[in-house]
Amino acid sequence: MTEDNIILEIKDLKKHYYKGKLKAVEDVSVNVNKGDVLVIIGPSGSGKSTLLRCMNMLEEPTSGSILFHGRDITKKYTVDENGKKVKLDIDSIREHMGMVFQHFNLFSHKTVLQNMVMAPVKVKGMDPDDAAKKAMDLLKRVGLEDRADNYPIQLSGGQKQRIAIVRALMMEPEVMLFDEPTSALDPEMVGEVLDVMKGLAKEGMTMVVVTHEMGFAREVGNRIVFMSDGSLLEEGSPSEIFNSPKNERLRDFLSKVL
Amino acid sequence: MITVEGFEKTFRYMSMFWQGMGTTVALSLLTVFFGFILALILALMRLSKFKVLKALSSAYVEIFRATPLLVQLFIVYYILFDGIALPGIKLFGFIRFDRFVPGVVALSLNSGAYLCEIIRAGIQSIDIGQTEAARSLGLNRVQTLKLVVLPQAIKNILPAIANEFVTIIKESSICYTIGVQEIMYTVASVKGATFSIGEPLLVATAIYFCLTFPTSKVIQYFERRMSRGDRR
Ligand SMILES: Nc1ncnc2c1ncn2[C@@H]1O[C@H](COP(=O)(O)OP(=O)(O)O)[C@@H](O)[C@H]1O
Ligand SMILES: [Mg+2]
Chain A
1 MTEDNIILEI KDLKKHYYKG KLKAVEDVSV NVNKGDVLVI IGPSGSGKST
51 LLRCMNMLEE PTSGSILFHG RDITKKYTVD ENGKKVKLDI DSIREHMGMV
101 FQHFNLFSHK TVLQNMVMAP VKVKGMDPDD AAKKAMDLLK RVGLEDRADN
151 YPIQLSGGQK QRIAIVRALM MEPEVMLFDE PTSALDPEMV GEVLDVMKGL
201 AKEGMTMVVV THEMGFAREV GNRIVFMSDG SLLEEGSPSE IFNSPKNERL
251 RDFLSKVL
Chain B
259 MITVEGFEKT FRYMSMFWQG MGTTVALSLL TVFFGFILAL ILALMRLSKF
309 KVLKALSSAY VEIFRATPLL VQLFIVYYIL FDGIALPGIK LFGFIRFDRF
359 VPGVVALSLN SGAYLCEIIR AGIQSIDIGQ TEAARSLGLN RVQTLKLVVL
409 PQAIKNILPA IANEFVTIIK ESSICYTIGV QEIMYTVASV KGATFSIGEP
459 LLVATAIYFC LTFPTSKVIQ YFERRMSRGD RR
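Chains as they are written, first to last, in this note's numbering: chain A, 1 to 258; chain B, 259 to 490.
Chain A with its partners taken away, still in its complex shape (with noise of 0.2 Å):
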């Protein structure tokens, strides 16, 4: 594995609350890989969330490193190749990391296309007709062409969290996050959702994926890592962890939920 093909390397991250009293993250390193499709389970409090936003800087580490691409997000300042001290510009990083959240956190006061082109054209400064273009492509694909006009308000939970994700893609990230995408879904509508994710792995987009959706996980993750009161206790592959698990806390959860 070449230098370049690692996305994101995570090193002994910690995450406290309450002085230490909490530990969300504990010593938790892992890499997310060109290409892959990286799945965190573990019950629920068990610091998935936590970790999955301390990759993007959406909350701020205690302690630890986050490489993406080889350069450490968690600080604030760096030094370039010629020594030179230069402040670290998160938001052009998390650019190029796309974020789906539980609740779909849909712009309420935009329709979706102005959901949608607002980051490309106020970030990357694209034009807007040719953001708007990109836009009803994206929708295309996602099968709510129809739906551009509408405020969130007045879509249904699964076609909100379509819109999302394609709001996300329409900065062409690197890597897409995933917080239970499925989580706040109707039973019939979380299938839709899935299927534009499995879309996406296929297409090679490299993702990292928190869910309750241990089929999901099984098919399209190629690993998974399961973690349990902060710590990553396991990571494999689909077969390793659902066939044969060592950790007597990761047998435990999956006998639950399987």
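Hints were generated in silico from the structure; no laboratory data involved. The structure presented is a predicted model; accordingly, all values stated were derived computationally and were not measured. There could be a bad hint or two in this list.
[Claimed, not checked] Listed next, the in silico DSBU-like pairs over lysine-lysine satisfying Cα-Cα at most 30 Å (straight line):
no.	chain 1	residue 1	chain 2	residue 2
1	A	K34	A	K124
2	A	K124	B	K449
3	A	K14	B	K307
4	B	K312	A	K11
5	B	K307	A	K23
6	B	K404	A	K75
7	A	K21	B	K312
8	A	K14	A	K34
9	B	K309	A	K21
10	A	K122	A	K133
11	B	K404	A	K124
12	A	K87	A	K76
13	A	K76	A	K21
14	A	K122	A	K75
15	B	K404	A	K134
16	B	K309	A	K19
17	B	K312	A	K19
18	A	K23	A	K76
19	B	K312	A	K122
20	B	K413	A	K124
21	B	K428	B	K449
22	B	K413	B	K307
23	B	K404	A	K122
24	B	K307	A	K84
25	A	K85	B	K309
26	A	K23	A	K246
Since chain A is already given, all that's left is putting chain B with the ligands on it; use the hints.
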């Protein structure tokens, strides 16, 4: 004693009441406008990550909310504007500039403190998920505030801002004490000319009511309509 005769005499000065009403409305509109801008700055200071700005904003709000408006008005008029010679011109022929401006300034400074709390609450009522989504797309803090948070917050607090306008219409009567020729000043003038106080006061009451009551009702109507729209 209220008499028909007294009303007849008072009604002869109706044009003065209309001018007083115009002054009151102008005073209140300008106060909401400048008060809002000031409040927005104060609210952003309050929510910023710089401790000094936070402290300054809190101190401002606390001081202005803990002291009487009359005291603030006098300080502005007699101390702040003491050395400033405003031109003695009349706007529209009846608004005395040198009295009106200190009035607007004092009311705006006061209203800014109250509106600041309204705006702050409005910003904090916006789901943090909206900010997180914006930041995750690469928008910076300022863009997130300008494009995502503030438009939603301000829409939510429009009724509260309109209510503040109603409050200011009533409180602006205090400006009569520094010689702003608004509704209450008209009452005093008409009293001087007609030697009766009751009738001019009742006319003033009716004008205030006609200004504030319909405005409140319109606000309530929109408030109800908006809360219906927000239900999911
Ligand atoms: N902002 C926060 N403040 C305090 N505690 C938090 C915060 N966010 C998460 N936690 C705590 O950290 C632990 C891990 O949370 P989380 O990462 O959301 O777990 P998961 O996503 O696996 O359900 C939980 O105990 C949770 O209560
Ligand atoms: Mg979670």
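Verification of the supplied hints:
1. K34(A) to K124(A): Since the Cα atoms of K34(A) and K124(A) sit roughly 23 Å apart, the hinted pair holds (cutoff 30 Å).
2. K124(A) to K449(B): 67 Å, violated
3. K14(A) to K307(B): Roughly 24 Å separates the two Cα atoms, so the pair holds.
4. K312(B) to K11(A): The given pair, whose Cα atoms are some 36 Å apart, is violated under the 30 Å limit.
5. K307(B) to K23(A): OK: K307(B) and K23(A) at ~25 Å, within 30 Å.
6. K404(B) to K75(A): 27 Å, holds
7. K21(A) to K312(B): 28 Å, holds
8. K14(A) to K34(A): With a Cα-Cα distance of about 24 Å, the restraint between K14(A) and K34(A) holds, given a limit of 30 Å.
9. K309(B) to K21(A): 26 Å, holds
10. K122(A) to K133(A): 16 Å, holds
11. K404(B) to K124(A): Judged against 30 Å, a Cα distance of about 17 Å means the pair holds.
12. K87(A) to K76(A): 6 Å, holds
13. K76(A) to K21(A): Holds. K76(A) to K21(A) sits at ~25 Å (cutoff 30 Å).
14. K122(A) to K75(A): 26 Å, holds
15. K404(B) to K134(A): 24 Å, holds
16. K309(B) to K19(A): 21 Å, holds
17. K312(B) to K19(A): 24 Å, holds
18. K23(A) to K76(A): 23 Å, holds
19. K312(B) to K122(A): 29 Å, holds
20. K413(B) to K124(A): 28 Å, holds
21. K428(B) to K449(B): 20 Å, holds
22. K413(B) to K307(B): 25 Å, holds
23. K404(B) to K122(A): Answer holds: K404(B) to K122(A) is near 11 Å, not above 30 Å.
24. K307(B) to K84(A): Holds, at about 27 Å.
25. K85(A) to K309(B): 26 Å, holds
26. K23(A) to K246(A): 24 Å, holds
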